[in-house]
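Between the sequences and the hints, there should be enough to build the whole structure, so can you do that?
Each chain, letter by letter, is given below.
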Amino acid sequence: MGSPPVENNILLRMVGISKAFPGVVALDGVDFEVRAGEVHALLGENGAGKSTLVKIMTGVYEKDAGDIYVRGRKVDIRSPLDAQRLGIRIIHQEFTLINDLSVAENIFLDAMGGRMFGWVPCRRMRAESRELLRRLGLHHVSVDTPVRDLSVAEQQIVEIARALREEAAVIIMDEPTAALTDAEVERLMDIIRQLRAGGTGIVYISHKLDEIMAIADRATVLRDGRLVGTNPMGELTREEMVRMMVGRPLTKLYVRNHRPGREVALEVRDMSVPGRVHGASLVAHKGEVVGITGLMGAGQSELVRAIFGAVPRTGGEIKLHGRSVDIRSPQDAIRHGIALVTENRKEEGLVLILSVVANSSLAALDKVSRFGFVDVAEERRQAADYVERLAIKTPSLDQEVDSLSGGNQQKVVLSKWLATEADVIVMAEPTRGIDVGAKAEVYALIDELAGQGKTILLVSSELPEVINLSDRIYVMHEGRIVAELDAATTSQEEIGHYATGGTYHESA
Amino acid sequence: MSLLKPQAVSAPRQWIRRYGMLLVLLAMMVLASLLSDRFLTSNNLMNVTRQVAINAILAAGMTVVILSGGIDLSVGSVLALTGAVGAGMMAAGGNWLVAVLAMLGLGTLLGVVNGFFVAYGQLPPFIVTLAMMAFARGATLVYTNGRPITVLNNAFQWFGHGSVGPVPAPVAIMIIVYLAFYIFLNRATLGRLIYAVGGNERAARMSGVRVNFIKVLVYAMSGFTAGLAGIVMTSRLFSAQPTAGASYELDAIAAVILGGTSLSGGRGSVTGTIIGAFIIGILGNVLNLLNVSSFYQDVAKGVVILVAVLLDRLIHAGGKGALRKGVASRAQQA
Numbered sequence: 180m181g182s183p184p185v186e187n188n189i190l191l192r193m194v195g196i197s198k199a200f201p202g203v204v205a206l207d208g209v210d211f212e213v214r215a216g217e218v219h220a221l222l223g224e225n226g227a228g229k230s231t232l233v234k235i236m237t238g239v240y241e242k243d244a245g246d247i248y249v250r251g252r253k254v255d256i257r258s259p260l261d262a263q264r265l266g267i268r269i270i271h272q273e274f275t276l277i278n279d280l281s282v283a284e285n286i287f288l289d290a291m292g293g294r295m296f297g298w299v300p301c302r303r304m305r306a307e308s309r310e311l312l313r314r315l316g317l318h319h320v321s322v323d324t325p326v327r328d329l330s331v332a333e334q335q336i337v338e339i340a341r342a343l344r345e346e347a348a349v350i351i352m353d354e355p356t357a358a359l360t361d362a363e364v365e366r367l368m369d370i371i372r373q374l375r376a377g378g379t380g381i382v383y384i385s386h387k388l389d390e391i392m393a394i395a396d397r398a399t400v401l402r403d404g405r406l407v408g409t410n411p412m413g414e415l416t417r418e419e420m421v422r423m424m425v426g427r428p429l430t431k432l433y434v435r436n437h438r439p440g441r442e443v444a445l446e447v448r449d450m451s452v453p454g455r456v457h458g459a460s461l462v463a464h465k466g467e468v469v470g471i472t473g474l475m476g477a478g479q480s481e482l483v484r485a486i487f488g489a490v491p492r493t494g495g496e497i498k499l500h501g502r503s504v505d506i507r508s509p510q511d512a513i514r515h516g517i518a519l520v521t522e523n524r525k526e527e528g529l530v531l532i533l534s535v536v537a538n539s540s541l542a543a544l545d546k547v548s549r550f551g552f553v554d555v556a557e558e559r560r561q562a563a564d565y566v567e568r569l570a571i572k573t574p575s576l577d578q579e580v581d582s583l584s585g586g587n588q589q590k591v592v593l594s595k596w597l598a599t600e601a602d603v604i605v606m607a608e609p610t611r612g613i614d615v616g617a618k619a620e621v622y623a624l625i626d627e628l629a630g631q632g633k634t635i636l637l638v639s640s641e642l643p644e645v646i647n648l649s650d651r652i653y654v655m656h657e658g659r660i661v662a663e664l665d666a667a668t669t670s671q672e673e674i675g676h677y678a679t680g681g682t683y684h685e686s687a
Numbered sequence: 048m049s050l051l052k053p054q055a056v057s058a059p060r061q062w063i064r065r066y067g068m069l070l071v072l073l074a075m076m077v078l079a080s081l082l083s084d085r086f087l088t089s090n091n092l093m094n095v096t097r098q099v100a101i102n103a104i105l106a107a108g109m110t111v112v113i114l115s116g117g118i119d120l121s122v123g124s125v126l127a128l129t130g131a132v133g134a135g136m137m138a139a140g141g142n143w144l145v146a147v148l149a150m151l152g153l154g155t156l157l158g159v160v161n162g163f164f165v166a167y168g169q170l171p172p173f174i175v176t177l178a179m180m181a182f183a184r185g186a187t188l189v190y191t192n193g194r195p196i197t198v199l200n201n202a203f204q205w206f207g208h209g210s211v212g213p214v215p216a217p218v219a220i221m222i223i224v225y226l227a228f229y230i231f232l233n234r235a236t237l238g239r240l241i242y243a244v245g246g247n248e249r250a251a252r253m254s255g256v257r258v259n260f261i262k263v264l265v266y267a268m269s270g271f272t273a274g275l276a277g278i279v280m281t282s283r284l285f286s287a288q289p290t291a292g293a294s295y296e297l298d299a300i301a302a303v304i305l306g307g308t309s310l311s312g313g314r315g316s317v318t319g320t321i322i323g324a325f326i327i328g329i330l331g332n333v334l335n336l337l338n339v340s341s342f343y344q345d346v347a348k349g350v351v352i353l354v355a356v357l358l359d360r361l362i363h364a365g366g367k368g369a370l371r372k373g374v375a376s377r378a379q380q381a
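Taken in sequence, the protein lines are chains A and B.
The number in my numbering is simply the position in the first sequence, starting from 1, with 179 added.
The number in my numbering is simply the position in the second sequence, starting from 1, with 47 added.
Where hints are given, some of them may not hold.
In silico lysine to aspartate or glutamate, DMTMM-like type, Cα no more than 25 Å apart, as pairs [unchecked claim]:
no.	chain 1	residue 1	chain 2	residue 2
1	A	Lys-546	A	Glu-600
2	A	Lys-546	B	Asp-345
3	A	Lys-525	B	Glu-248
4	A	Lys-387	A	Glu-600
5	A	Lys-387	A	Glu-641
It should be emphasised that the hints constitute simulated quantities derived from the structure, not laboratory data.
Please read all numbers here as calculations on a predicted model, not as lab measurements.
Quick look at the structure:
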């Protein structure tokens, strides 16, 4: 293959990139480029090859075939260090900051690592860090603060500052807004615009199409490891993007066939978690989907964790089917038929190094055990059932879940909780970080479960999801339930009003 | 449907991946038989196996602890203390069966204490078992006054010198331990949960696994095997030595690591561990046959452990650049 014409503004060009893993072709002849001063969205469902492409860019994987050019010069990227030296920098969903070091030390971490001997130039380090933070609008944070004392959004800005200090030409942002509040997202968008104006090339990966419409200049869509196309954003509509990603028009994201019953399944009275939840009460009926929403950190997560016995509560009563139950641990909750699909599947949902079958039986191993021994055939049969029913894409039941895509991992978590045959299923952010296709499947499952008479508590900060799936919605603000709304008549605006501390009176 | 079948092992690399350490062991045996014509005699092989038995028994318990994400540094000292207490009971005219049960019970109890501090005290296993190592060794010296206690009980001699058919008793005990542990880890509900606790403690807790109970259980199992090893050792030597089992924890850990069990927990097996124990045992045996001084034997052991684990890593990552990739992927997981 001849060397492509050198264009000055092309920072990174990847041509015909292929990569295979045992049993799967992850990338098949993909072309991708990043120009100076552009925000280039990289789109695709989980498992489409986005992360493989990014890992090749950043030297985590080596490509099997294809060429990479940085500013027109052919390069070999064989390690993360190579990528860094070439000015390619990634900001992960999970940050790589060292919590106990100060902001300035983190910003200069790579510089310190590269210089094994000698002194750390403290004064210059602090001054330069202060200047970088100022440019990124983080005036109020001292460069001497330990990183652990910063909010998630602030930590992210420190990561960006680190990339800027290294004069990274290409910055890859992987789901950068996943854990940010709306105001923080706005600030991030400003920073991205500022970086773009300064000539940085940004690769933007997100499942949130609204964000991509708002910020990206071009979008490249991958599907099943192949390039579907690269288009300027002006030529793309939302529907068009979804069609390119999914391969078919997605007619209906939300389904809703279930009808809530009258019988009260779960009743929570006056629940408190010190400092997080103050006297929350709620009811949920059989066959009902109850949404719980609010701004991030308003106490939704702690409320359901307290119901599940995963965090200690100071007061309150939990009643199941009219009977008061004493739940002090997840074991108690599971025994009483409550499941909690946690919001962070890698930390709390899955044992990543274990197989699909071991994960899906984990919460209900005693159900497939007799006399203290696992009935392995029965265990596999059940896991296979769930793989089929939830359409989990895995080469085998013995596959380590670590290697599955986010959407399929989430389905494994769901299968684990379905196996407990719980009546009350709490789902915390069940579609976070998974693609449109998998989202639609999770939504359909929620509706199906409610249709079977299960009670679903849906904790989510994605309002369209809450409104379209729930029957009733509780809105939380600063640890209190401030409103109970009928999902059929409410709006995003009304929920937003209560979530930000508005009162009933004002909204009327 | 095809999903129900266990994953087929097809490619040669996968085969090597699964049986890599077994190949290392076989290669060592071939090399050993070339270096010394005394190696492949049934007498010598039986001798090696008998020598391996004590470390292998300790390593079985150690495997379970390491699988749960912990470590047990106290096994050597617990071996010594159980041996001393059992020998003391028999020297005072006690019944051998009572003494044996007391030794197993004491080992298990010390393990429970370890597990209790790890699980409920939330202390690092390294520190808890380091403390137990010092405590049990000290208690042994106090109990024995620093002198060996001779055991002159005929029935008790079976554990070190008896046999089941052609199989020496220590080897028979080792085989039973490994069969039991294999079944426990692969089939028992609690055994399976150990992998989950070691793989991701938080996820296990959130899935309703009784994590604290599992932790106490694994240290109790390790204490039990230490007591069992103490019985065999005391019987073999006709006495309890106050310094018995010193640094045995390191050999046990080495066997577990050589057997491919991950020190970070959640991954590994007792089948690997027994191979690891034999690698260490055969190495010592060959060097003995070649009249290499025991000082050099330790040097060689260190080298072999490093090389074997390095080799294992290469096989697992596969191909060139594998080492660096291994490091990179670990860094990523961290």
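(request) Provide an ascending list of the numbers of those earlier hints which the structure does not satisfy. (result) 2, 4
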